[in-house]
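Asker: Given next are the chains, with one letter for each unit.
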Amino acid sequence: MFYREAGDFSTSYPEDSQTFPIRFDRYRYYLVLFVAIFVIPFTINDYWVNSIFLPFLIYAIAAIGLNILVGYCGQVSLGTGGFMAVGAYACYKLMTSFPEVSMLIHVLIAGLITAGVGVLFGLPSLRIKGFYLAVATLAAQFFLVWLFNRVPWFYNYSASGQISAPERTVFGIEVTGPNTEAWATYLFCLAFVIVSAVIARNLTRGAFGRKWMAIRDMDIAAEIIGVNPLMAKLSAFAVSSFFIGISGALFFAVYLGAVEVGEAFGITKSFTVLFMIIIGGLGSIFGSFAGAAFLVVLPVVLKLVGVDWLGWPTDIVAHLQLVIVGALIVIFLIAEPHGLAQLWRVAKEKLRLWPFPH
Amino acid sequence: MPTDLLYGAEVVLNGLMAGVLYALVALGFVLIYKASGIFNYAQGVMALFAALTLVGIMEGQVPFSHLINAAFGTDIHHFGWHVPAFAAILLTLAVMVGFAYLVQRFVFRHLVGQEPIILFMATIGLAYFLEGVGDLMWGSEIKKMAVGLPQGGSLWVEENTQWLGFGNEDFYGFFIDKLDMVATVIAVVLVLALVAFSQYTKQGRAMRAVADDHQAALSVGVSLNFIWILVWSLAGFVALVAGIMWGAKSGVQFSLSLIALKALPVLMLGGFTSIPGAIVGGLIIGVGEKLFEFSFGPMLGGATENWFAYVLALVFLVFRPQGLFGEKIIERV
Chain G
20 MFYREAGDFS TSYPEDSQTF PIRFDRYRYY LVLFVAIFVI PFTINDYWVN SIFLPFLIYA
80 IAAIGLNILV GYCGQVSLGT GGFMAVGAYA CYKLMTSFPE VSMLIHVLIA GLITAGVGVL
140 FGLPSLRIKG FYLAVATLAA QFFLVWLFNR VPWFYNYSAS GQISAPERTV FGIEVTGPNT
200 EAWATYLFCL AFVIVSAVIA RNLTRGAFGR KWMAIRDMDI AAEIIGVNPL MAKLSAFAVS
260 SFFIGISGAL FFAVYLGAVE VGEAFGITKS FTVLFMIIIG GLGSIFGSFA GAAFLVVLPV
320 VLKLVGVDWL GWPTDIVAHL QLVIVGALIV IFLIAEPHGL AQLWRVAKEK LRLWPFPH
Chain V
32 MPTDLLYGAE VVLNGLMAGV LYALVALGFV LIYKASGIFN YAQGVMALFA ALTLVGIMEG
92 QVPFSHLINA AFGTDIHHFG WHVPAFAAIL LTLAVMVGFA YLVQRFVFRH LVGQEPIILF
152 MATIGLAYFL EGVGDLMWGS EIKKMAVGLP QGGSLWVEEN TQWLGFGNED FYGFFIDKLD
212 MVATVIAVVL VLALVAFSQY TKQGRAMRAV ADDHQAALSV GVSLNFIWIL VWSLAGFVAL
272 VAGIMWGAKS GVQFSLSLIA LKALPVLMLG GFTSIPGAIV GGLIIGVGEK LFEFSFGPML
332 GGATENWFAY VLALVFLVFR PQGLFGEKII ERV
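In order, the protein sequences belong to chains G and V.
Add 19 to the 1-based position in the first sequence for the numbering used here, that's all there is to it.
Add 31 to the 1-based position in the second sequence for the numbering used here, that's all there is to it.
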């Protein structure tokens with residue numbers, strides 16, 4: 020009744036191959052964009068931005084990046100935290116070296132630098148596969164965190180070993196540092212999210228995405244039918260690391276403001292982002308958003324219920340959160356290996372026939 | 032003999048001992064991987080959980096007391112008794128067997144036939160779950176593992192190796208932790224026992240049969256369920272031993288679960304399917320990282336132990352993807 024494709028005729032090729040060929044999907048997408056750009060910025064305050072929106076947007080970029088690598092190309096990576104750290108430290112070095120350049124440029128270049136590092140650590144993927152590779156990416160995680168901890172050049176020889184974001188602007192509006200407005204940081208991150216999602220969606224629909232999926236499904240067979248595994252795997256590592264680097268840069272510069280590398284970009288971060296794409300759905304851009312939203316909102320809700328409402332101590336609620344997240348991962352892998360995205364697909368399928376399913 | 036060389040020898044000795052402890056954790060991985068093809072990331076958390084349970088039982092703590100207190104406003108902490116170490120170890124073993132049954136019944140039975148990487152991610156979820164449960168059950172403060180293992184450096188070794196310095200004033204003999212020596216002995220006994228078990232008992236043979244070919248084993252009447260529970264229990268037992276050793280060394284706390292991360296490069300080096308591989312890999316990693324830290328650490332800013340093992344394993348894997356003793360990987364389309 021509400022969701023149907025009847026009467027939706029395409030009369031040209033561009034119309035047929037657009038991102039959302041079904042009219043309802045398209046309008047929903049425009050509506051979400053409209054609300055995100057024109058409604059939310061005028062209604063939010065600092066609390067909402069810092070506890071929900073910024074982490075959601077930034078993790079969504081990271082999840083899209085990791086999903087390209089794990090969900091589309093099938094190369095499991097546990098080095099997300101390390102790559103986010105590369106983005107953050109590249110951004111920091113750029114911000115302090117070129118103060119007058121716009122933040123937009125800094126974040127983009129930080130993403131490119133991370134892409135380079137990602138390709139470097141992606142090289143072993145040509146020889147090793149599966150969880151051997153997963154463990155090998157841990158090498159990136161530990162080595163990079165150690166590097167940023169121990170080489171003073173990266174943190175500009177500051178006494179605390181931390182990096183903290185100086186005040187930088189985009190088009191004259193401050194987006195980093197202590198005196199930012201809630202809407203400015205929100206819109207800044209939102210712009211990156213929208214662009215990343217559009218790029219990722221179109222990459223995965225096109226020739227690149229098909230090559231990645233062929234490699235994921237069976238790499239030897241893909242090689243035989245003419246997919247170059249070197250190009251496919253390394254491009255997946257590059258694109259994935261590019262997004263993860265951007266999210267790392269935003270995480271440090273816009274969201275946290277000051278960062279201690281082992282704490283902010285440790286192995287837990289890698290697992291958090293991996294959990295997001297498992298819960299959200301491997302091999303789905305929508306799933307990346309759903310998973311990020313889920314794992315950002317869950318702790319906030321748990322804290323509201325456990326600490327504020329029931330009055331339990333914080334540490335018990337934190338442990339309970341571990342139990343819930345762990346159980347959810349296992350349940351999702353057993354009951355719905357394609358995650359929230361699959362639930363959404365099933366719901367749409369049901370809606371198409373509703374209210375007359377036969 | 033020059034002092035530097037002696038210090039180097041001491042570093043190598045200590046590295047060997049550390050390597051034995053790594054190998055102990057890696058063994059648990061190999062057992063489960065061989066029998067069920069599951070790469071069990073939760074092994075480290077199992078060690079933490081076993082150690083927490085052991086301490087909790089010995090102290091007579093009430094399980095979930097924090098949660099109960101928070102939920103019902105009561106104030107209970109201890110039963111008021113102390114269980115002797117030996118009985119507590121047996122009870123903990125029973126808990127680990129129960130855990131093995133639950134894992135098998137509620138998780139992996141539903142994941143039979145899934146891709147290995149899905150199983151791997153499931154064990155990561157399991158690790159989080161178990162960590163949360165352990166903390167809720169026994170509290171998250173650092174505890175002391177007091178099962179009567181010797182502590183501190185061994186004077187006997189120091190006195191009997193002093194002559195190696197040949198009158199050199201700076202050299203006081205090798206410093207070797209007593210606990211490390213005990214751990215080495217226990218690890219050797221454990222490995223021998225495991226090998227004997229899998230070679231000479233009925234269950235051990237069934238275990239090897241399952242490792243070889245699930246379906247063939249099923250067709251000659253081996254119960255897969257039973258074998259998997261058995262294997263997870265064995266891994267739980269190894270985790271308990273590792274938990275006791277590491278717990279006695281550095282206290283029972285969250286960082287104990289990170290030893291799993293130390294064992295991963297050991298496995299990659301030694302091969303996922305080989306028990307001797309785990310031992311040799313552990314020794315190489317233990318010696319390698321201590322020597323590297325000793326000779327290059329000060330130059331690079333220290334704490335190279337965090338990543339050295341991984342980078343070594345990574346470089347190694349590029350040349351030999353199946354590890355030192357692993358079975359050759361053959362792929363067919």
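Please keep in mind that the hints were generated in silico from the structure rather than gathered at the bench.
Please note that the accuracy of each hint is not assured.
Heads up, simulated SDA-like pairs for lysine to any residue below, C-alpha to C-alpha not over 25 angstroms straight-line [unchecked claim]:
no., chain 1, residue 1, chain 2, residue 2
1, V, Lys65, G, Ile353
2, V, Lys65, G, Ile147
3, V, Lys174, V, Asp243
4, V, Lys174, G, Leu339
Asker: Would you check the hint for V/Lys174 and G/Leu339, treating anything up to 25 angstroms between C-alpha atoms as holding?
Answerer: Within the cut-off at roughly 21 angstroms; holds.
Asker: Is V/Lys174 within 25 angstroms of V/Asp243, Cα to Cα?
Answerer: violated, 41 angstroms
Asker: With the threshold set at 25 angstroms, check whether the alpha-carbon distance from V/Lys65 to G/Ile147 stays at or below it.
Answerer: Holds, at roughly 19 angstroms.
Asker: Compare the distance between the alpha carbons of V/Lys65 and G/Ile353 with 25 angstroms, and conclude whether the hinted pair is satisfied.
Answerer: With Cα atoms ~22 angstroms apart, V/Lys65 and G/Ile353 stay inside 25 angstroms; holds.
Checked against the numbered hints listed earlier, the structure breaks hint 3 alone; every other hint is satisfied.
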